[in-house]
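A.B. asks: Take these sequences, add in the hints, and give me the full structure.
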Amino acid sequence: MEGGILSPAELQALLLSLRVAIVAVVVDLPFAFCAALLLARGSFRGKWLVDGIIHLPLVLPPVALGYLLLILFGTRAPIGSFLLAWFGFRFVFSWTGAALASAILTFPFQVRAIRLSLEAQEVGLSEAAGTLGATPLDRLFSLHLPLALPGVVAGAITAFAACLGEFGAIITFVSNIPGETRTIPLAIYTAIQTPGGENAAARLAALSIALALTGLVLADIVTRRMRAAFR
Amino acid sequence: MSDIALRHRRGSFLLDAQFDLSDAHITALFGPSGAGKSTILAAIAGLLKPDFGHINICGETLLDTERGKFVSPVRRRIGIMFQDLRLFPHLTVEANLFYGWRRARPRPGRETAEQVVELLGLSPMLARRPRQLSGGERSRVALGRALLMGPRALLLDEPLASLDAARKAEILPYLEKVVRESRIPMIYVSHALDEIARLADRMVVLNGGRVQAEGSLFDVTARLDLFSAGHLIPGTVMRAAVLRHDETHELTEISLGAELLVVPRIARPPGAEIRIRIDAEDVMLSLTRLDTVSANNIVPCMVAGIRENGPHADVQLRLRDAQMVARITRRSLERLALREGIAVFAVIKSVTVGGRE
Chain A
0 MEGGILSPAE LQALLLSLRV AIVAVVVDLP FAFCAALLLA RGSFRGKWLV DGIIHLPLVL
60 PPVALGYLLL ILFGTRAPIG SFLLAWFGFR FVFSWTGAAL ASAILTFPFQ VRAIRLSLEA
120 QEVGLSEAAG TLGATPLDRL FSLHLPLALP GVVAGAITAF AACLGEFGAI ITFVSNIPGE
180 TRTIPLAIYT AIQTPGGENA AARLAALSIA LALTGLVLAD IVTRRMRAAF R
Chain B
0 MSDIALRHRR GSFLLDAQFD LSDAHITALF GPSGAGKSTI LAAIAGLLKP DFGHINICGE
60 TLLDTERGKF VSPVRRRIGI MFQDLRLFPH LTVEANLFYG WRRARPRPGR ETAEQVVELL
120 GLSPMLARRP RQLSGGERSR VALGRALLMG PRALLLDEPL ASLDAARKAE ILPYLEKVVR
180 ESRIPMIYVS HALDEIARLA DRMVVLNGGR VQAEGSLFDV TARLDLFSAG HLIPGTVMRA
240 AVLRHDETHE LTEISLGAEL LVVPRIARPP GAEIRIRIDA EDVMLSLTRL DTVSANNIVP
300 CMVAGIRENG PHADVQLRLR DAQMVARITR RSLERLALRE GIAVFAVIKS VTVGGRE
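Chains as they are written, first to last, in numbering that gives the first Met the number 0: chain A, 0 to 230; chain B, 0 to 356.
No lab work stands behind these hints: they were computed from the structure.
In this text the structure is predicted, and so the values were computed from the model without any measurement.
A hint or two may mislead.
[Stated by the list, open to error] Listed next, the in silico SDA-like pairs over lysine to any residue satisfying Cα-Cα at most 20 Å (straight line): (1) K48(B) <-> L71(A); (2) K48(B) <-> E59(B); (3) K48(B) <-> R8(B); (4) K48(B) <-> W47(A); (5) K48(B) <-> P135(A); (6) K48(B) <-> G123(A); (7) K68(B) <-> T134(A); (8) K48(B) <-> E126(A); (9) K348(B) <-> N206(B); (10) K48(B) <-> S125(A); (11) K68(B) <-> A41(B).
C.D. replies: Written out as C-alpha cells, the structure is:
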C-alpha cells in the first residue's frame with residue numbers, strides 16, 4: 000500500500016482506525032461478557048432497567064453521546080479533571096477518547112451476541128457438570144465460556160466493524176486531529192470539505208466498505224465453523 | 000443401607016414416597032410417566048429441594064429437612080447417567096470421561112479409572128468428540144463419566160429409552176458388567192420389564208407419586224394387584240440354574256426349584272445361576288397333565304390367587320419353590336371352574352433367559 004494507493008495521511012487514518020477499534024473491542028469484552036451473563040442467567044428486580052441502559056447506545060444519537068462524554072470527561076469536568084490531576088491522563092483530544100466513545104457505542108453488539116450464545120446453552124449441561132463436582136465458578140470457565148466462544152467472537156467482529164464507522168461521537172468528544180483522532184470516517188469528512196479532495200474521499204470510502212464487508216464475512220465464517228465444531 | 004423418604008408438592012402433583020436401597024444392589028424404579036421417578040432422581044442428585052424428607056446413602060445424610068441439612072449437588076458425589084446423556088460437546092471423549100474424576104475428592108486411582116475405560120471399551124475413541132460417536136458409544140461415555148467420578152451411588156435414568164433394539168443389545172452387556180463389578184447402590188429408572196429383569200435385584204413400583212410395591216424383583220413381579228392396575232407388563236421373573244445341555248436337540252435343561260424346564264441352548268455352563276422371565280400371556284392352564292401337546296414345559300402347580308380384570312383373569316400360581324402368573328380369559332376361568340387352592344398344570348409356551356433381547 001505504501002506510496003501506492005494510499006497517501007501517508009490516509010494510511011495514518013487507517014492505522015489509527017484499527018488501533019481505536021481493537022482497543023475498544025478488547026476493553027469491552029470482559030464487561031460485555033459479565034453483562035451478558037447477568038442478563039442471560041440473572042433474575043433480579045430492575046433487570047429491565049439494566050437491559051435498557053446496556054442497549055441505550057443503540058438508540059442514542061452519537062453526537063449526543065459525544066456531548067455527554069465531553070461534560071463528564073472534559074479537562075474541567077468532574078471525572079476528567081480528577082483523572083488529569085491524579086493520573087495526568089486525559090481522554091479529550093486523544094485517541095483514547097475515540098476508543099472510549101467507540102467502546103460505549105458498540106458495547107450492545109457484544110453483549111447481544113454473547114447473551115444469545117449463553118441463552119442457547121442447555122441448562123442440563125450445567126446441572127450435569129454440577130453433579131460431577133464443578134462449582135459455579137468452575138463451570139463458568141470449563142463450560143459456559145468455551146461454549147459461548149462462537150458468540151464472543153461474532154460479537155467482537157461485529158463490534159469491530161461498527162467501531163470503524165464511528166463518527167459523530169468521536170468528532171464531538173475528541174475533535175478532528177490528524178494522527179490523533181482523525182479516523183477513516185473523519186478523514187473522509189475532512190477530504191470532502193477540502194477542495195480537490197474528492198479522490199481521497201472516494202479511496203477512503205472504498206477502503207472502509209471493504210473493511211466492513213471483510214469483518215462481516217469473517218464473523219459469519221468463524222461462527223459457522225465454531226457452531227459446527229460444537230455440535 | 001440407604002433409605003429415602005420424600006414429600007414434595009408441585010401444583011396438583013404430590014410425591015410422597017419412601018423406600019430403601021440395599022448396598023451393592025441395583026434397585027429398579029418402575030412406573031408410568033408422571034409417577035414421580037424423575038422427581039425422585041432429581042432430589043437424590045440434589046437438583047431439586049423437596050419440601051420434606053431425608054436421603055441417606057450408605058450412612059451419609061445428604062438431605063434432612065427436619066434438621067435443615069441440604070448437601071449441595073456439587074458435593075454429593077452422586078453419579079448420574081442422564082436420559083439425554085448431557086455430554087459436553089466442546090470436550091473430547093477423554094475430557095468428558097475425566098471431568099468428574101478430576102474434581103472428585105477422594106479421587107479414584109488412575110488404575111481404577113483406566114479399568115473403567117477398558118471395561119466400557121472406550122480406549123479407541125478417547126481423542127474424538129461426542130458428535131463423532133454413534134448413539135451406543137455416546138451412552139457408554141455417559142456411563143463411564145458417571146462411574147469415573149467415584150460416586151457413592153449411581154442413578155441411571157432410562158439409559159436405554161432413546162436407543163433402538165440393536166443399540167440396546169449393544170449397551171446391555173456393558174451395563175451388566177458394571178452392575179456385576181460395582182459395589183455401590185444403583186437406581187435404574189425404566190418402564191421396560193425386560194431391562195429390569197436382566198439388571199435389577201430389587202424393584203420399587205411407583206404410581207401417582209406413591210410407592211405401590213417394594214421388594215425383591217421376584218416377589219414384586221409375581222404380584223397380581225400390580226398386574227391388574229396395568230402398571231406392570233404381565234411377566235414374572237424367576238431364578239433358575241443350568242442343569243445340562245442336550246446337544247442333539249440344541250436345548251438346555253434348567254431347574255426352577257424342583258421343576259425342570261427346557262429352553263433353547265444357552266451359552267452358560269451347568270450349575271450357572273440364571274434369570275428367566277415368563278410372560279403371563281405365555282402360560283396356559285390345564286386341569287390334567289397334557290401329553291398330546293407340543294409344549295415341553297408343563298409344570299404342576301396350585302392356584303394361589305385370582306384377579307379378574309376386563310376380559311382377562313390373572314391367575315397366580317404357586318410352584319414348589321417359585322411363583323408365577325398366567326393370564327387367561329375370564330371365560331376360561333369359568334369353564335375350568337378355577338378357584339384358589341386347586342391343582343392345575345401350567346403349560347409354558349416360552350421362557351426368556353436373561354430378559355428379551
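A.B. asks: Starting from K48(B), check that the Cα of P135(A) is at most 20 Å away, please.
C.D. replies: This hinted pair holds, its Cα atoms lying about 18 Å apart.
A.B. asks: Check whether the Cα positions of K68(B) and T134(A) lie no farther apart than 20 Å.
C.D. replies: holds, 19 Å
A.B. asks: Within a Cα-Cα threshold of 20 Å, do K48(B) and R8(B) meet the stated pairing?
C.D. replies: holds, 11 Å
A.B. asks: Taking only the CA atoms, is the gap from K68(B) to A41(B) under or equal to 20 Å?
C.D. replies: holds, 16 Å
A.B. asks: Please work out if K48(B) and E126(A) have their alpha carbons no farther apart than 20 Å.
C.D. replies: holds, 14 Å
A.B. asks: Just to be careful, I want the Cα atoms of K48(B) and W47(A) compared with a cutoff of 20 Å; is the pair within it?
C.D. replies: violated, 29 Å
A.B. asks: Would you check the hint for K48(B) and S125(A), treating anything up to 20 Å between C-alpha atoms as holding?
C.D. replies: Since the Cα atoms of K48(B) and S125(A) sit roughly 17 Å apart, the hinted pair holds (cutoff 20 Å).
A.B. asks: Can you confirm whether the C-alpha distance between K48(B) and E59(B) stays at or below 20 Å?
C.D. replies: Holds. K48(B) to E59(B) sits at ~17 Å (cutoff 20 Å).
A.B. asks: Are K48(B) and L71(A) close enough, with their CA atoms no more than 20 Å apart?
C.D. replies: violated, 49 Å
A.B. asks: Take a quick look at whether K48(B) and G123(A) sit within 20 Å of each other, Cα to Cα.
C.D. replies: holds, 17 Å
A.B. asks: Going straight from one Cα to the other, do K348(B) and N206(B) come out at no more than 20 Å?
C.D. replies: violated, 31 Å
Hints 1, 4, 9, counting from the list given before, are not met by this structure.
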